[in-house]
Amino acid sequence: MKMLEQLPLAGHALWLTLRELRAGWLWAPWLVLGVLQCAVLLALLGFAHPLLAWALSPFVRAIGGEPALHYPDFYRALPFLYSRADLVMGSLAGAVATGWSTRLFAARWRRETLPAGGAWAEIAPRALTLVLAQLPFQLLVLLFAGLLDRALAGQGGLAQRLGYFVTLGGVAGLQALFLYLPALVVLERRGLWRALAGLPRAWARGFWAALLLGLVALLPLLPLAGLGQGSGLLVDRGSPELVGWVTAMQLFVGLAVSFLLAGSSTLVYLGAVADQPGEEG
Amino acid sequence: MSARARLAARGRGQVAVLLGLALLVAGCGDGRLWARWRAERGAWHAQRAVERIEINPLLAGAADWAQADAACRWVTTSFPAEAWSVRARAGDSMAFDVLEASGRAALLRARLEELQERREAALAGYDGARHDYEAVPAISLGAAVARAALLAGSGRAAEAEAAWSAIARDYPVADPRTGTIFDAVLDAPLLVARERRARGDVAGADSVLRSAEEACLRLLPAQRGLPAAPALWMRVSEARSARGDAAGARGALRQALADPAAVPMAPRLVLTLARQALASAAPDTALAYAHWAARDFGGAARSAALLVAARAWRALGVPDSALQTYEWLLQEESGDLDKAAEARFGRARLLEDLGRWDQARGEYHALVSAVPTHPLAFESMMRVVRYHLGRGERGLGLTEARHALAALAALIASQQDDNVQVRAGEARARLLFETDDTRGGCGALAALLRRYPEAPLDAALLMRAGEEAETRLNDPDLALELYRAAAVRAVFPESRRRARSAVDRLAGPPR
Chain A
1 MKMLEQLPLA
11 GHALWLTLRE
21 LRAGWLWAPW
31 LVLGVLQCAV
41 LLALLGFAHP
51 LLAWALSPFV
61 RAIGGEPALH
71 YPDFYRALPF
81 LYSRADLVMG
91 SLAGAVATGW
101 STRLFAARWR
111 RETLPAGGAW
121 AEIAPRALTL
131 VLAQLPFQLL
141 VLLFAGLLDR
151 ALAGQGGLAQ
161 RLGYFVTLGG
171 VAGLQALFLY
181 LPALVVLERR
191 GLWRALAGLP
201 RAWARGFWAA
211 LLLGLVALLP
221 LLPLAGLGQG
231 SGLLVDRGSP
241 ELVGWVTAMQ
251 LFVGLAVSFL
261 LAGSSTLVYL
271 GAVADQPGEE
281 G
Chain B
1 MSARARLAAR
11 GRGQVAVLLG
21 LALLVAGCGD
31 GRLWARWRAE
41 RGAWHAQRAV
51 ERIEINPLLA
61 GAADWAQADA
71 ACRWVTTSFP
81 AEAWSVRARA
91 GDSMAFDVLE
101 ASGRAALLRA
111 RLEELQERRE
121 AALAGYDGAR
131 HDYEAVPAIS
141 LGAAVARAAL
151 LAGSGRAAEA
161 EAAWSAIARD
171 YPVADPRTGT
181 IFDAVLDAPL
191 LVARERRARG
201 DVAGADSVLR
211 SAEEACLRLL
221 PAQRGLPAAP
231 ALWMRVSEAR
241 SARGDAAGAR
251 GALRQALADP
261 AAVPMAPRLV
271 LTLARQALAS
281 AAPDTALAYA
291 HWAARDFGGA
301 ARSAALLVAA
311 RAWRALGVPD
321 SALQTYEWLL
331 QEESGDLDKA
341 AEARFGRARL
351 LEDLGRWDQA
361 RGEYHALVSA
371 VPTHPLAFES
381 MMRVVRYHLG
391 RGERGLGLTE
401 ARHALAALAA
411 LIASQQDDNV
421 QVRAGEARAR
431 LLFETDDTRG
441 GCGALAALLR
451 RYPEAPLDAA
461 LLMRAGEEAE
471 TRLNDPDLAL
481 ELYRAAAVRA
491 VFPESRRRAR
501 SAVDRLAGPP
511 R
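One line per chain: the protein sequences are A and B, in this order.
The first sequence begins at 1 in the working numbering and counts up one residue at a time.
The second sequence begins at 1 in the working numbering and counts up one residue at a time.
Pulled out of the complex, with its shape left as it was, chain A reads as follows (with noise of 0.2 Å):
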């Protein structure tokens, strides 16, 4: 398929997603996940308890060095603080959505009855798969961020800016390589190495529709990513427990970002990348 063809597919896509998003089974993967982050997130939050601060404390004097376990200035670190944290709950806990969500889109897609619990019945078995075959773009993501912070250390601010812009261009690129990972492991029922063998077929017929759709759910993060990065201004402002509700709405809109990526994922993968009946063999 070509460029041009990818294109208008993946907006087709995104906006029949954008209409599911009242259709609450579809979400349930995602509040699950919400539910898990947000207890991360309360977990962080109230760091210094004697019920929490055994296990949390080392981890943000690791994170965040030891002005962190002061008020306010632990508010400064929260963004990076849950950033870290969250990376391995998307890991983990998120693939396993991701392919959840996959599935039931799938079946919407498809016109299928599939209750929630039956996607997870079918994709639990998979869940150590979903999360292998998700790693390498977790720790390229990071492997990138990492390597381009380095680079940029002791830069004017153009430069940091320049790089901010860098950086995102990377994550979506990276994700549009991996956006169809899902998909083949959990409606082709792929293996881990198949499932990676099948990516160079899946670029080849939808890495466009993949790229746009990654740009555009980084979209709506933006504004939100440029209010966590002013954490040190709302702290200094006077309203350092703000920075905690900021953190708290980026996490809501990144569940509904990737309840968007995964429903007009799916549809464009259903329609391109898939093979249609009759093509295999």
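Rather than coming from a laboratory, the hints here were simulated on the basis of the structure.
Mixed in with the good hints there might be a few duds.
[Claimed, not checked] Here are the computed distance ranges between Cβ atoms for each label pair:
#, chain 1, residue 1, chain 2, residue 2, range
1, A, Gly-24, B, Thr-180, 53 to 61 Å
2, A, Arg-237, B, Pro-453, 29 to 37 Å
3, B, Gly-91, A, Tyr-164, 40 to 48 Å
[Unchecked claim] Facing chain B, a subset of chain A residues (Cβ under 7 Å, in silico):
#, residue
4, Ala-48
5, His-49
6, Pro-50
7, Ala-53
8, His-70
9, Tyr-71
10, Pro-72
11, Gln-138
12, Gly-238
These numbers were taken from a predicted model, which means no experiment stands behind them.
C-beta: ideal position from N, C-alpha, C; glycine also.
The hints should help you fit chain B onto chain A, whose structure is shown.
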């Protein structure tokens, strides 16, 4: 029971034991981190509440005062000094942090009393904090300094001097825990000396300065290479300068510059060298240091260095170079409004002294337009009016005064900043006195005092207004009000004595 069921039961048992252990560990968790978190959060919110009141205490409602007081009180009662001092002294660093947060709240409580004009309660609060938080030298010292400053501000000079002396004697020059320099401890003897000198006790002042210098010199060998060393040399310089030993003062500053720890302070040290050289009639030396600072340091240091250079050129009798230096400073647009105002004012003064009045007046007017709320803008208005009145050009002087009063009225009506209101009001009173409107001038000052009882008005102006009200207006009540304000604000003991005797004269015998 089947083997599978037994295995499942054993698994459940193990999970229960693990959960129990986790809860046990959690339940026995270290509460110190939680205590520190709550203390720091409480102290931080208390500080925000007090800062909101400090913006303008007159506008703070009863709820604001109550909220701030409750916030401070919550910290000091939840984390009492006596309990946490014991743990802090035992070397518990978290307990030390808790005690520090509690101490900050105690200082804020005393500050609230001060803001409410309850001076005795504030002094007691600071005194209590000084004793209760001895385990945290920074807090105890903060309380001692606030107490001494309040005593000085209340006109209790002898007690203030004793308080500053106690600070110099009782506290270390650097925080034993962090090594941070306690500037207040180093400055305390200089303040004592200044107070003695103002009283006319020159020998006593010199004696204090000498012992302060000797104390600093004794400490210096151990501090070489540490941040304390340049700070100590600076105090040695100030002590020598206050005794009139300009060369010795500059020598101390050069020693400070030579210390390896002086790198961050280099701009300040070079600028101080330039200023001291200028003050001790060595403009060549001042120019050399000013050029060094202007060339090697950017930002605020460069602007300040250019100002010193311009003054040095002027002192050397090269006005064209001085004017050119002012011009550079203005063209650089560093964003430093203070320095720009000083440059424009300095250029106007120089032009005025050179007899180029038209150009000077243009500079004064430009300064008033560019930074209308700057104290030098008010001073510029005065100079223009005084110039014409002084030359007998009464019509021109009154016209300029009318324009200036209209500008000040517009400023007072449009600016909400209390500081600007006070400065503009004071300038208005001065202008009215200059134009012989005695009633207007006295009335303007009295109105200011009623609206801003703590306004830092010029004591000499208040004294003059009091005399005018007493002699020309025959209004003893107004005169008494103005004399009282002058007595509180007078810096020099002689002025204070004169104002107090005027108050006693008017208030003493029943009329």
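A quick look at each hint next to the structure:
1. Taken as a hint, the range 53 to 61 Å holds for the pair Gly-24/A and Thr-180/B, whose Cβ atoms sit roughly 58 Å apart.
2. In this structure, Arg-237/A and Pro-453/B meet the distance hint of 29 to 37 Å, their C-beta atoms being roughly 31 Å apart.
3. Range check, Gly-91/B to Tyr-164/A: Cβ separation about 45 Å, and the 40 to 48 Å hint holds.
4. Residue-level restraint check for Ala-48/A holds (minimum Cβ-Cβ distance to chain B is 4 Å; threshold 7 Å).
5. With a cut of 7 Å, the hint placing His-49/A at the interface with chain B holds, because the nearest CB-to-CB distance is about 6 Å.
6. Using the Cβ-Cβ criterion of 7 Å, the hint placing Pro-50/A at the interface with chain B is satisfied: the shortest such distance is roughly 3 Å.
7. A hinted interface residue such as Ala-53/A counts as satisfied when its beta carbon comes closer than 7 Å to some beta carbon of chain B; here the least separation is about 5 Å, so the hint holds.
8. The beta carbon of His-70/A is positioned within 7 Å of a beta carbon in chain B (closest approach about 6 Å), and the interface hint is therefore held.
9. Interface restraint check: Tyr-71/A against chain B, minimum CB-CB distance 4 Å, threshold 7 Å, status holds.
10. Restraint check, Pro-72/A versus chain B: the minimum CB separation of about 6 Å is within 7 Å; hint holds.
11. Interface restraint check: Gln-138/A against chain B, minimum CB-CB distance 28 Å, threshold 7 Å, status violated.
12. Taking 7 Å as the C-beta contact cut-off toward chain B, the hint placing Gly-238/A at the interface holds, the least distance being around 5 Å.
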